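Participant: Here are the chains, one letter per residue:
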Amino acid sequence: MRYTGSMSAQDLHKIANQLRGDVLQMVHAAQAGHVAGPLSSADLFSILYFGGVVDPTQDKIVLSCGHYCPIQYAALARAGYFPVEELASFMQIGSRLPGHPERGSVAGIEVSAGPLGQGVSVATGMALGMKLSNLKFSNSQIKEPRVYCVLSDGELQEGQVWEAFNFAVRRQLDNLIFILDRNKIQIENYVSQLATYGEVVGRLEAFGLNVLETDGNNIDKLKVMIEKAKTMQSAPTMVVANTVGGKGVSFMENKPAWHDQVPTKDELEKALKELNV
Amino acid sequence: MYNDKYLIPEWRTPSKKAIRTGMGEGLVVSGGEHEDIVVLTADLAESTRVREFAEHYPERFFDVGVAEQNMIGVAAGLSFSGYVPFASSYATFSPGRSWEQIRVSVCLSRANVKIIGSHAGVSSGKNGPSHQGTEDIALMRVLPNMVVLAPADAQQAKAIIEAAYNHEGPVYIRTTRPETPNFTKPLKFEIGKAYKYREGKDISLVACGIQVYDALIVAEELAKEGVECEVINVSSIKPLDEQTILGSAKKTGRVVTIEDHQINGGLGSVIAELLGERLPTKIKRIGLNDRFGLSGEWEDVYKAVGLDRVSIKQAVIDYLHE
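In order, the protein sequences belong to chains A and B. Under this note's numbering, the very last position in the first sequence is 606; numbers go up by exactly one each time. Under this note's numbering, the very last position in the second sequence is 358; numbers go up by exactly one each time.
Hints listed in this document are in silico derivations from the structure and should not be mistaken for laboratory results. Some hints could be false.
[Claimed, not checked] Computed, partial: chain A to chain B, Cβ under 8 Å:
{"no.": "1", "residue": "Pro444"}
{"no.": "2", "residue": "Ser450"}
{"no.": "3", "residue": "Gly454"}
{"no.": "4", "residue": "Leu457"}
{"no.": "5", "residue": "Met459"}
{"no.": "6", "residue": "Asn463"}
{"no.": "7", "residue": "Asn495"}
{"no.": "8", "residue": "Tyr519"}
{"no.": "9", "residue": "Met561"}
[Said to hold, decoys possible] Take a look, some chain A residues computed to stay more than 12 Å from chain B by CB distance:
{"no.": "10", "residue": "Ser337"}
{"no.": "11", "residue": "Lys343"}
{"no.": "12", "residue": "Ser441"}
{"no.": "13", "residue": "Thr453"}
{"no.": "14", "residue": "Ser462"}
{"no.": "15", "residue": "Ser521"}
{"no.": "16", "residue": "Asp549"}
{"no.": "17", "residue": "Val591"}
{"no.": "18", "residue": "Lys599"}
Keep in mind that this is a model prediction, so the values were computed, not measured. Quick reminder that beta carbons are idealized off the backbone N, C-alpha and C, glycines included.
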């Protein structure tokens, strides 16, 4: 099924679960890949690709936490960027859907990612380039294009991310919107067990970002926050989306083991039933 | 015997200019012609010589602060927004510290990013080995899609900017700190071409960077002793002009490589790999042999590591007598 037109919150929720189902089937078929992050961010991807907040004719969506790619592939396919059947080729030889994103493998994959932190800098450079080009047309009524960059909370442990924040704030890139999928787990453990941040919001604010915090698995709330982020000025905005790792499948939720565990056939069937897809 | 197509008439008594300075001049020239050129640095505008570009085109210049990894990512992003970024730092920091960003954000993505590594080699002198980029050729040439260029003088460095701009894809440009002979004619730089500056039948001296001029002088001295050297400037390390190297090795049967870089992974490896596969030839590699440089006046450092002309000449003579 391909989705078009204006979507209600209920529609977006349904799409999010469909994307979750796609992810689990891809990972099961490939017998590899990541689960918890793609599931925790499914509501976000539903909003970004189907919620009408992003202008696909000029805005760019950058996935910095590259291991989330099954959810982006699923969203791109369901949005008509390539045939949905192609999702079955995830990670296979000759596929346009490699294990981590490679820029241009299919339309809509803007950056090569996987080593965490890199996409945050690249998104910053893209937003800077858009600002620079816009200067030339400052008298026109052209709407400024934006970059939406999705990152994960384990990713915040990479120093490069904070280098990029410094620069994006210094350059006042208010056409740059970060969305942090804060699912609180990473490959080995809970984020809080591995690297304690104190207050994430406070740290981000201290770096000069506009910070908005919300429930990232609540379609209505998250959509409102992203819309609000578009109105923020003078600095890039970070939407801290508090989510649950493995969201939508009871036995996968909030368990670090499901970061990159492959569901068995049995588990897949159970999960798809829970997701109602 | 000397190729006056490439060498200026007064090449034996040339003026001096730093290779980094020539590169900076090239940026101003090409930046004036191409509005999509942008320049980045990580708090090293002055010493990497991109300051002049910044003064001419401030709106297209970005100092990211001391953050080389972010500099490379931002450069990749700018290229995706339609610009042609030149990102400049010391070679030991970028590509040194920013290697993985160059690998994934630039090379895997085929981003149209140009990377300038200044203060390459032990010729950067007094700041010592932590600041001497002596592994950058190895780090860059191993990456798929990357072009690796090491100009021999300021004139070539100036012309390389336009060549790098015209090449769609990642390019690494190696520059050096000291004032060194500016001995080549102002010509268009050709990526993938090795420049033969002297014809000889006895031995091939294959060099890059500052060492090309030294090779010419050593060849001049050896000629007085009856040894005719061929001198080849491999300023395009990747892609390599294999035909010119193979033709010379076939003629002389003896090859010496000279570089201010680790011979393991550097020009010495490049030539050894080519000859090993295509035309097995015993070669001598002059450069840093699995050691760091040291702090000091750069000419003194060259003496200490065997890169001064006297040492190079002696190494060539020893090799001839092996």
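Participant: All the hints need checking, so say for each whether the structure fits it.
Facilitator: Each hint, compared with the structure:
Among the interface hints, the one on Pro444/A holds; its C-beta lies about 5 Å from the nearest C-beta in chain B, closer than the 8 Å criterion. The beta carbon of Ser450/A comes within 2 Å of a beta carbon in chain B, closer than 8 Å, and the hint placing it at the interface holds. Annotation: Gly454/A was flagged as interfacial toward chain B, and the flag holds, the nearest CB pair being 2 Å apart, inside 8 Å. At a threshold of 8 Å, the smallest CB-CB gap from Leu457/A to chain B is about 6 Å, leaving the interface hint in force.
At about 6 Å, the closest approach between the beta carbon of Met459/A and any beta carbon in chain B falls short of 8 Å, and the interface hint on this residue holds. Of the supplied interface hints, the one on Asn463/A is violated, with its beta-carbon coming no nearer than about 10 Å to a beta-carbon of chain B, more than 8 Å. Among the interface hints, the one on Asn495/A holds; its C-beta lies about 7 Å from the nearest C-beta in chain B, closer than the 8 Å criterion. Because the closest C-beta pair between Tyr519/A and chain B is about 26 Å apart, greater than 8 Å, the hint is violated.
With its C-beta approaching chain B no nearer than about 20 Å, Met561/A sits outside the 8 Å limit, and its interface hint is violated. For Ser337/A, the shortest C-beta to C-beta distance to chain B comes to about 34 Å, beyond the 12 Å cut-off, and the non-interface label holds. Distance check on Lys343/A: its Cβ is at least 33 Å (rounded) from any Cβ of chain B, clearing the 12 Å threshold; non-interface status holds. A cut-off of 12 Å between C-beta atoms contradicts the statement that Ser441/A is not in contact with chain B; the least separation is 4 Å.
For Thr453/A, the condition that its CB be more than 12 Å from all CB atoms of chain B is violated, with the nearest at approximately 5 Å. Consistency note on Ser462/A: stated as away from chain B, yet its beta-carbon is not over 12 Å from all of that chain's, at 7 Å minimum. Chain B leaves Ser521/A outside its interface by the beta-carbon criterion, the shortest separation being 26 Å against a cut-off of 12 Å. For Asp549/A, the condition that its CB be more than 12 Å from all CB atoms of chain B holds, with the nearest at approximately 32 Å.
The claim that Val591/A lies off the interface holds: its Cβ sits roughly 25 Å from the closest Cβ of chain B, which is beyond the 12 Å cut-off. With a cut of 12 Å on Cβ distances, Lys599/A stays outside the contact zone with chain B, its closest approach being about 36 Å.
In the structure shown, a violation is registered for the earlier hints numbered 6, 8, 9, 12, 13, 14, in ascending order.
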